[in-house]
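Peer 1: Chain order of the listed sequences is X, E, L and U. Mapping to this note's numbering: the first sequence position 316 is 316, numbers consecutive. Mapping to this note's numbering: the second sequence position 271 is 271, numbers consecutive. Mapping to this note's numbering: the third sequence position 179 is 179, numbers consecutive. Mapping to this note's numbering: the fourth sequence position 27 is 27, numbers consecutive.
Derived SDA-like pairs: lysine to any residue, alpha-carbon spacing no greater than 20 Å straight-line:
#1 Lys-252/E <-> Ala-137/U
#2 Lys-252/X <-> Pro-406/L
#3 Lys-252/X <-> Val-405/L
#4 Lys-113/X <-> Phe-66/X
#5 Lys-21/X <-> Asp-249/X
#6 Lys-252/E <-> Arg-395/U
The hints are simulated quantities; they were obtained by calculation from the structure and are not laboratory data.
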Amino acid sequence: MNFDFDDAQKALKKQTRDMLKAVCPPEVPRRILEGDEPYAEEVWRALIDMEAPATAIPEQYGGIGFGYLELCVIAEELGRSLAPTPFSSSVYLATDSILLAGSEEQKQEHLPKLAKGESIGTFAYSEGTGALTADGLATRLASGKLTGVKNPVPDGDVASICVVLAASSDGPVLALVDLGGEGVSRRPVETLDPTRSHAEITFDGAPAEVLGAGGDGWALKDRLFDRAAVLFAMEQLGGADACLAMAVDYAKGRYAFGRPIGSFQAIKHKLADLYINNELARANCYYGAWALSTSTPEATAPELRTAAAAARVATIEAYHQAAKENIQTHGGIGFTWESDCHLYYRRSKLLALALGGARVWKNRLIDALEASTAKVEQRAELAHA
Amino acid sequence: MNFDFDDAQKALKKQTRDMLKAVCPPEVPRRILEGDEPYAEEVWRALIDMEAPATAIPEQYGGIGFGYLELCVIAEELGRSLAPTPFSSSVYLATDSILLAGSEEQKQEHLPKLAKGESIGTFAYSEGTGALTADGLATRLASGKLTGVKNPVPDGDVASICVVLAASSDGPVLALVDLGGEGVSRRPVETLDPTRSHAEITFDGAPAEVLGAGGDGWALKDRLFDRAAVLFAMEQLGGADACLAMAVDYAKGRYAFGRPIGSFQAIKHKLADLYINNELARANCYYGAWALSTSTPEATAPELRTAAAAARVATIEAYHQAAKENIQTHGGIGFTWESDCHLYYRRSKLLALALGGARVWKNRLIDALEASTAKVEQRAELAHA
Amino acid sequence: MDFNDTPQEAEFRAQVRAWLSKNAKPLVGRPTVSRRLDSTEGMAIAKEWQTKKADAGFACRHFPKEYGGQGRPVIETVIYEQEEEDFDVPSGFFEIGLGMCAPVLVQYATEEQKQRFVPPMVRGEEVWCQLFSEPGAGSDLAGLRMRAEQQGDEWVVNGQKVWTSGAHYSDWGILVTRHDPTLAKHKGLTFFFVDMKSPGIEIRPIRQISGGSNFNEVYFTNVRIPDAQRLGQVGEGWQVSIITLMNERLAVGGAPPPDADEILRLACQITLEDGQPAIRDTAVRERIAEWYVQAAGLEHIRSRTMTALSRGQTPGPEASITKVVSANKLQAISSFGTDLMGVAGSLSDPATTLEQGLFQTGYLYAPGLRIAGGTDEILRNVIAERVLGLPGDVRVDRDRPFNEVPTGS
Amino acid sequence: MDFNDTPQEAEFRAQVRAWLSKNAKPLVGRPTVSRRLDSTEGMAIAKEWQTKKADAGFACRHFPKEYGGQGRPVIETVIYEQEEEDFDVPSGFFEIGLGMCAPVLVQYATEEQKQRFVPPMVRGEEVWCQLFSEPGAGSDLAGLRMRAEQQGDEWVVNGQKVWTSGAHYSDWGILVTRHDPTLAKHKGLTFFFVDMKSPGIEIRPIRQISGGSNFNEVYFTNVRIPDAQRLGQVGEGWQVSIITLMNERLAVGGAPPPDADEILRLACQITLEDGQPAIRDTAVRERIAEWYVQAAGLEHIRSRTMTALSRGQTPGPEASITKVVSANKLQAISSFGTDLMGVAGSLSDPATTLEQGLFQTGYLYAPGLRIAGGTDEILRNVIAERVLGLPGDVRVDRDRPFNEVPTGS
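Chain X with its partners taken away, still in its complex shape (with noise of 0.2 Å):
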């Protein structure tokens, strides 16, 4: 048994995260809050001179070949830091969506710029309000283009690539889309967490190939979700830690009543709850990273459907919790403009709702198990024998 990051990895989480302490202090996010830049260039910089874009990338495409335990330590360090760049968008989604379905020749040409960051990717799903459905995609791929409108999309605004979750005559499919290219219009959208930048993209015929062979392309936006669960909950974590230490320390250093108000049973409970949660999710998140690192793209594990399920409903709560009560514990201040609280609660929500949120996970959680029922019928008989 060793439910545990080896040594390598904890090496890479150190240097992420001392990294990342260096080059992404809270200003930086703050910085893209209150200004116009997209994302924070030096940010996005540094993690590509360390090669993060490349970890989980096979060699044969420019990437390092490593696994994806270590994409995942570097997912948790990006979350505690609020890294203001479009890792999320270019990394778990679109890289990972190619190296799924993508063709020879798809990997060729895009894996290695994605790899460098020569090129920013995206996925596009949302069409605004409402449940997203396969029937109900109102994209639509025909004939080698593309027309209809996503919003929001993560980093619509500055991706160079985009993979479409879009309709055609075949059903669902995954269609990739040059944004440089003819019939792509953007315009930037404001959201509850504008440290991260999304637009609403208007495709009016513009040229689009499908991913690889095709195929269902509902399915393989389930699978690719369910890779990027993983990572996203990574992400969740590491903020949810954070919220976390910041009451922590706060709660230490703040008094009231002549005493430190950590010595208050309301806030100390209050914070052992935080920290409770966030135990769960994170035994729940270490699974799920050991499932998906366990997966390939021809092969799922068995585990991951479940894993991931679960780790994005635990740490959707447990980021949800530290946010909203790290600034109940820092009392007045708490609520400024000024206090960096409020990046996290923005963060906690934007993060919660991508992949669909806790709604969506908690019920795909069931089916999972259900799925599994066979086992649980055949304990139900046993324990009635």
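Please build the complex by placing chains E, L and U on the supplied structure of chain X, with the hints as guidance.
Peer 2: This is chains E, L and U only, laid out in the frame that chain X set:
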């Protein structure tokens, strides 16, 4: 604006409370819990002596013609004292269903006996585990004979008459049965709250008459339950208040670490939250009581359906929290048989399940709100204008 | 029980309604008359309306006649406010003055001062603010450090206040200071009212998470206050503050929308994965039912308060319950609403978001509501100690000189 | 990451499994071998099994050889226990002795005493219990009053203990007493082990809500204990107790069913008003998903503990987290399960209730689980102070003579 009981109602409440303090201290429900008596004869007797069962029965049927506000204050005190009597079955369900749907003859025959407690009535609806549905009723009334099994039936072992929700060729009906008559066999069943007796009743061609003109028995049951919901909620409110009072007393007198445990925020805030729950429940209950008091057997007040559901949802949660956290506040002694804490913990669950649990009432509440959606829609238009 | 007015109340309500219908437009959706506290234009409109109300005898009817009121029972003031809610009129500028400053003046100021200051407040001619909290004294108000030193018949005040609503447009403010740090915490405080235009007062707005700036930091540098503007005895500042805060507790009301109605409405508009409206989803239904029950409970609790007022009784701890429940309900409903919208729930542009971004706004506004005017934690202490009679916490700050109380710094 | 055993662990696990398959029946459903602590017959079977284990060298392998163990790493003991869970064997009699009493003996007893007492414990020939809590000393253990007065080379002990598991069938017990009430609370305690058959010891079972009687009250009247049975110095009783409690924290595990699996199974069996199985109801699905995530989290946390043990490291605060979460989860799931059954959810006869009344039993069993072995509140203090490093509460009981600490009586 006078959202309060009047002086006479308050006096009746105090009288009932004082009487129950004297006649029904915690030793009484404990005696029933541990012994073989189905209910506390002396408490039931005392309620009859104060004409409590006759409260809401019109004078021409042997009642004293008070209103439902009077019945509500009695119910609150019964809940507070955990009175182990067939009152709720006989008064809120049997008596009220005959008042709602009974023919003149049926009223003349049964109400005077019910008013004087010469006869105990109950209402049989549950048919074992699972949901109760209009087309799922297994108990049937055919050519004046009732066949089927009802379980659990509150006070089914001691009642002399029973109103039964049964299927028939005309759809669901409410059938009136003499439990002393032929074709009726009963078996006491054990529940989580042995201070209230229940039975499984098997009808094997038992002679039964339709209540009143018959008609849609399912709709009748719903109207009956909306009215009874308020009265059950009042009992739950009384129980929740009793739990909080117990917990507060204990927290003031029990010392740990050299101070009353009530001075620790972990306990203090827990009890404050219980108080908040109880006050929200009280407000919903009293509003429900008002809505019930302005309803008649012929015409249900428009507010009743929503108010009754809200009162049930609020009191189920308030009593559950108060009962379980009262135990927690008591610590070790709290989970011993000798402590009275579990008497409330058991009763809170029994009352939570009666008439269908929180799930059922929450959905019923939303149904009622949707029915008034027109109003909501309209507001929406205004808001968007 | 009877939810109707008494005959007198009903008659008064009719008068009010008649007057309002004649002098204001009915409210349709959101108020069009700015309620933003930082709008000078909004302020002008508000002052005009307040004067109009006063001329008609509808402003602070429960105040004594000699101070600009009508000497009527407080229920009439409440009835007026209820009716006014249905009309598109300004608000948000005078509540603190009339709700907190005027009562303390009436109780502690000289007859001359009351005559001078209360009527202009009632007529909206002068605006007042409250200077209590400090960076180191929030929940623990008595921990305040703003120093007041007596020089002849004047006091020289130095220090910083914070969370002062409307300081930038106020003419006067009430102020609690520490005149002697060597006395015990609660014994060394003295209370004043101060001309906000005095030299040495500097005001800086505080920006909130939500982007708005309803509060200010107020810096005092050698601000001179005449001893005649002292309210209560030297060293009596805590008692005077407590009375003011009691009035605040009564004033602090519920939360702004979204509430149960709005989330219900949203759930009817959104379609979920199964192609059904969200309101058909039992998980959604149960959550909304729980919020509706809370909202209805608070509404009925208000009716109980009304009942008490209409009988001339003083209300109980209802305000504390209302604040804890409604602030947390707002946060939960706002968050749930954005979740229901799916990935696009993060879009915050009111122009293109369902319900004009009400849920996104609420999400950012709610955290402050759980803190300002008494945190969740303080209000639970209040309920537990004042209502349930539970013992207070162990105090290590009470029986020693204030300047020896641990501060961590 | 790798969820497999090391080669050595795998080999040992295989040995264990082979031996268990030969000597015990696989577990089918609930254990048929009584685990009721008040069954003397169950006790006999358990003792026999424990001896058999010891003879095969599978009992307490991590204990030193000279005290009946095998001097092997603790991971082997854990592996044995994991494997044993799949077999229908007795348990519940020796955990306290081996988990709490033996370690304290090994640390504080004389070599002679260790030789005399530990091996019989390992072989199940002698059963031990723990006498710590008192009616006035639960969460606040150091508040205990049981009086020990020295007379020559004996101590005379008077007072009452409570919540003592298995006192009625135990041969020996470890005991903490107060030898001097005039010393500070934590300074006046002294620790012993005592022959449970000593004159003056009276044992009364405590009946719990659930009807069971797993605990006892134990009354001491002039019970004489040789000074040779003192563990640690006079006045060192608190330090000795703490070490014992640490071991308890490690021992306290999760909760009994129903857990996420059982509520999922129930939801598949029950049909709701809409004619669909409950598991199709989104409100039900979301609740179960939340519990599954907690259960999975705890399971993975156990894997992290295993990892630490397998590396010879000592686990962290996992046990405290596990206890808080699992006890509350049990209460919530049990209550929810009865609700799902509808009105008939109140029926408690296992013979006629779904899942053999598992949910009704859990509903009555859960409250005790949130209290026994450390209340929710105490465990949150432990996590906040020992893990997060938050400051302790203000103490008014520490620095004064114990007999002057307020008790309310």
